[in-house]
Amino acid sequence: MTRQWWAVALLGLALAGTASAQRADPEVDPLRAELARLDADPSLGELAGVPRLQARQAIDAVATGRRRERPQRLEIARLRLEIAQAAAETELLQRQADQLDRERDQILLEASRREAEQARRDAERLRREALLREEEAERMGQLAESERLAREQSAAEAEAATAEAEAARRVAAARSREAELARREAELANALLEADAGAAATPPPRRRVGNRDVYTVSGSAFGSGRAQLGTAAQASLAALAPQLRNARSISVTGYSDSQGDDNANLALSRQRAEAVRQALVAAGVPAARVRAVGRGEADPVADNATAEGRARNRRVEISVE
Amino acid sequence: MTLTRRKIYPAALGLLLAAAPAFAIDARALAEAEIVRVQQALQTAQALSPQGAADEALRRSQELLLAAEDAMQRRRWRDATGLAQQAQAWAELSSARTRLLRARDAVEQRNARNADLRREAVR
Chain A
1 MTRQWWAVAL
11 LGLALAGTAS
21 AQRADPEVDP
31 LRAELARLDA
41 DPSLGELAGV
51 PRLQARQAID
61 AVATGRRRER
71 PQRLEIARLR
81 LEIAQAAAET
91 ELLQRQADQL
101 DRERDQILLE
111 ASRREAEQAR
121 RDAERLRREA
131 LLREEEAERM
141 GQLAESERLA
151 REQSAAEAEA
161 ATAEAEAARR
171 VAAARSREAE
181 LARREAELAN
191 ALLEADAGAA
201 ATPPPRRRVG
211 NRDVYTVSGS
221 AFGSGRAQLG
231 TAAQASLAAL
241 APQLRNARSI
251 SVTGYSDSQG
261 DDNANLALSR
271 QRAEAVRQAL
281 VAAGVPAARV
291 RAVGRGEADP
301 VADNATAEGR
311 ARNRRVEISV
321 E
Chain B
1 MTLTRRKIYP
11 AALGLLLAAA
21 PAFAIDARAL
31 AEAEIVRVQQ
41 ALQTAQALSP
51 QGAADEALRR
61 SQELLLAAED
71 AMQRRRWRDA
81 TGLAQQAQAW
91 AELSSARTRL
101 LRARDAVEQR
111 NARNADLRRE
121 AVR
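Just so you know, the sequences run in chain order A and B. Anchor point for the first sequence: position 66 equals 66 in this note's numbering, and the numbering is continuous, going up by one each time. Anchor point for the second sequence: position 97 equals 97 in this note's numbering, and the numbering is continuous, going up by one each time.
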């Protein structure tokens with residue numbers, strides 16, 4: 001019976017304790033609720049484990065402490081709760097700071113990559129620009145060289161043209177001088193022949209060609225560029241005429257040198273041959289047996305390049321059969 | 001010899017009186033240890049916050065420490081222990097607040113720094 005009473009007493013004490021523990025405490029419950037909110041916070045609930053444990057212990061100590069110490073324990077519990085909240089928030093901020101440091105590293109890394117890429121692009125651009133400049137310089141050099149060559153060629157051509165013009169001018173002057181000298185020569189020869197007109201006239205020089213005798217009347221027998229026989233020449237032909245009166249045929253052929261127009265030379269040679277023919281006819285040679293032709297600069301007997309040769313080529317030949 | 005209530009109660013009272021100095025020594029040691037902890041916590045809080053004289057929590061902790069030391073002088077060990085625990089909590093709160101402010105500043109600085117870096121990177 002005594003044991004039964006003890007058991008009932010213990011059960012009553014236990015129930016009383018439970019009831020006391022579950023009894024609402026308007027000062028402690030808000031602290032518990034605040035701690036529960038901190039524990040349930042998705043961002044802070046896992047942080048600051050030790051300060052949260054200390055806060056929980058401090059809150060529990062309020063209920064278990066002496067009544068006289070309750071205000072002091074309540075204050076400690078509030079302080080510990082605030083410490084836990086601050087510590088959790090601090091830890092979260094430290095994690096954010098770490099994350100920001102990692103972001104900074106990533107930004108710097110990306111910036112470094114971009115700078116490297118930019119440097120690579122710049123180097124490539126500079127290389128291309130240098131290549132373009134080099135090509136441009138080469139092209140300009142080639143252009144300058146071609147222009148220089150063109151200038152040199154133009155200068156050479158101009159110089160050649162000048163030299164050619166000068167040479168032509170000199171040739172023309174020389175020819176003019178030569179013609180002048182030839183004219184003077186002829187005039188002097190005529191003057192000489194005319195001076196000898198009073199002397200005994202002699203037939204023109206003769207040579208034998210095949211079965212024909214060929215008499216050559218020198219070009220000096222005529223005035224320069226003219227077809228009129230001088231006095232000496234007429235006398236010489238008059239001296240020849242008696243020898244030709246019995247000839248069967250007489251061919252008078254006029255020739256000129258190679259200077260001047262071909263047609264003019266041909267006409268002059270023909271006129272001179274005709275003048276000789278008329279002189280022979282006038283001297284008594286039957287006209288029917290004498291024919292005159294002009295052959296211009298054909299059949300030269302000497303070099304037309306020299307004044308002496310050209311003088312010999314200017315002639316009238318009397319071929320007698 | 002039988003133990004009667006008249007014999008047991010005086011014996012128990014004697015034992016308690018004999019053990020009282022031992023309990024008193026434990027309470028004093030506990031109070032002293034708490035005061036040492038408070039002093040260390042105050043040093044930490046002051047080191048964290050050089051301008052801590054203006055910190056309300058720090059000032060409160062110092063006041064409570066003085067009160068605890070006064071209780072020690074008057075050999076009121078339990079009161080000294082409670083005051084020291086209060087002072088300890090205030091000192092730790094001061095440190096926690098300082099750390100929180102520093103952490104906020106650090107995050108703000110890093111945010112600004114990263115924003116500058118991003119702007120620089122975009123240019």
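These are computed hints drawn from the structure, not numbers from a lab. Honestly, I wouldn't trust all of these hints.
Unchecked claim - Residues of chain A clear of chain B, computed beta-carbon distances all greater than 10 Å: (1) Pro51; (2) Ala58; (3) Ala63; (4) Glu82; (5) Ala86; (6) Glu103; (7) Leu108; (8) Ala111; (9) Arg114; (10) Glu136; (11) Arg139; (12) Arg151; (13) Glu152; (14) Arg177; (15) Arg270.
Said to hold, decoys possible - Which chain A residues stay away from chain B? Per the calculated CB distances, all over 12 Å, these: (16) Gly49; (17) Gln54; (18) Thr90; (19) Leu93; (20) Ala172.
Stated by the list, open to error - Chain B regions said to be covered by chain A (calculated; three or more residues, Cβ under 8 Å): (21) 9 to 17; (22) 27 to 36; (23) 63 to 76.
All C-beta atoms in this analysis are idealised placements derived from N, C-alpha and C, irrespective of residue type, glycine included.
Outcome of the hint check:
no.	hint	verdict
1	Pro51	violated, 8 Å
2	Ala58	violated, 8 Å
3	Ala63	holds, 16 Å
4	Glu82	violated, 6 Å
5	Ala86	violated, 4 Å
6	Glu103	violated, 5 Å
7	Leu108	violated, 7 Å
8	Ala111	violated, 5 Å
9	Arg114	violated, 7 Å
10	Glu136	holds, 33 Å
11	Arg139	holds, 38 Å
12	Arg151	holds, 54 Å
13	Glu152	holds, 57 Å
14	Arg177	holds, 91 Å
15	Arg270	holds, 106 Å
16	Gly49	holds, 15 Å
17	Gln54	violated, 9 Å
18	Thr90	violated, 5 Å
19	Leu93	violated, 4 Å
20	Ala172	holds, 84 Å
21	9 to 17	violated (count 0)
22	27 to 36	violated (count 0)
23	63 to 76	violated (count 0)
Comparing the model with each numbered hint stated earlier shows that hints 1, 2, 4, 5, 6, 7, 8, 9, 17, 18, 19, 21, 22 and 23 do not hold.
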